[in-house]
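Q: Sequence:
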Amino acid sequence: MAGFFRALGKLFGGSKPEPASPAELEALRAAYRARCESFRRLLAANNAALDVMASMEEALRGLKPFGMTFVRGQCARVAANVFQIVRQLSLLTSGRFDALYDKLKEIQARIAPHLAPRSGQVRGPLVLALEQAGVDLADEVGGKVASLGEVARRLGQAG
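Numbered according to my numbering, the sequence shown terminates at residue 182, and the numbering increases by one at each position without gaps.
If you are wondering where the hints come from, they were derived from the structure by calculation, not from laboratory data.
Note that the structure is a prediction, hence the values are computed from the model and not measured.
Backbone N, C-alpha and C fix where the C-beta goes; we use that ideal spot for every residue, glycine too.
Among these hints, one or two may not hold up.
[To be verified] Have a look at the derived ranges for each label pair, beta carbon to beta carbon:
(1) 150 x 62: 50 to 56 Å
(2) 99 x 159: 35 to 41 Å
(3) 45 x 86: 57 to 63 Å
(4) 150 x 70: 39 to 45 Å
(5) 56 x 136: 39 to 45 Å
[Stated by the list, open to error] Cut-off 20 Å, straight-line C-alpha distance, at most; resulting in silico cross-link-like pairs (EDC-like, lysine to aspartate or glutamate):
(6) 87 x 162
(7) 87 x 41
(8) 167 x 80
(9) 167 x 81
(10) 87 x 163
(11) 87 x 173
Construct the entire structure; sequences and hints are all you get.
A: Laid out in structure tokens, this is it:
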């Protein structure tokens with residue numbers, strides 16, 4: 024009976040493979056380390072993109088003022104992290120997902136017009152009293168000055 028199974032093993036390639044040489048083993052280890060590093064980078068980029076999106080959602084709650092400078096910066100950070108995700112995914116899969124590069128470019132092209140700064144348009148005066156600056160002008164005066172303006176308004180109303 025044992026001879027039968029041995030014959031089946033030889034017929035279907037069941038013989039034991041030759042042991043790998045030290046050079047082959049080292050090459051396999053290096054490839055494994057590279058894949059682990061790519062996967063780690065993919066996860067890190069994914070977490071970073073999620074953190075940026077969460078901060079944008081937090082800003083939308085309206086607890087602190089923000090302007091288009093903030094939105095542009097956050098969108099650039101998300102785009103960089105998503106590019107890193109696509110890059111690492113491509114490395115891990117030997118290019119099977121390279122079409123994602125084109126999709127990412129398409130998405131960026133659709134978003135870009137909404138993020139482009141308005142050219143040559145100045146809304147309102149060039150100089151404001153601090154009490155006049157507030158969340159409604161965060162895009163023009165910046166987030167910090169808008170916050171200070173809100174504080175100045177409230178102090179002015181209270182006093």
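Q: Taking the Cβ atom of residue 45 and the Cβ atom of residue 86, is their distance within the range 57 to 63 Å?
A: holds, 60 Å
Q: Taken at face value, is the distance from the CA of residue 162 to the CA of residue 87 at most 20 Å?
A: Given that 20 Å is the threshold and the Cα spacing comes to 13 Å, the pair holds.
Q: Falls inside 39 to 45 Å, the C-beta gap from residue 150 to residue 70?
A: Since the Cβ atoms of residue 150 and residue 70 sit about 43 Å apart, the hinted range of 39 to 45 Å holds.
Q: Given a hint of 35 to 41 Å, does the C-beta separation of residue 99 and residue 159 actually sit inside it?
A: violated, 25 Å
Q: Holds or violated: are the alpha carbons of residue 167 and residue 81 at most 20 Å from each other?
A: holds, 17 Å
Q: Taking only the CA atoms, is the gap from residue 87 to residue 173 under or equal to 20 Å?
A: With Cα atoms ~10 Å apart, residue 87 and residue 173 stay inside 20 Å; holds.
Q: Do residue 56 and residue 136 keep their Cβ atoms within the hinted range of 39 to 45 Å?
A: holds, 43 Å
Q: Straight-line Cα separation of residue 87 and residue 163 no greater than 20 Å?
A: holds, 15 Å
Q: For the pair supplied as a hint, residue 87 and residue 41, is the alpha-carbon distance within the 20 Å limit?
A: violated, 66 Å
Q: The hint says 50 to 56 Å between residue 150 and residue 62; measuring C-beta to C-beta, is that right?
A: At 54 Å between Cβs, range holds.
Q: With the threshold set at 20 Å, check whether the alpha-carbon distance from residue 167 to residue 80 stays at or below it.
A: holds, 19 Å
Violated hints, in rising order: 2, 7; the structure is consistent with all others.
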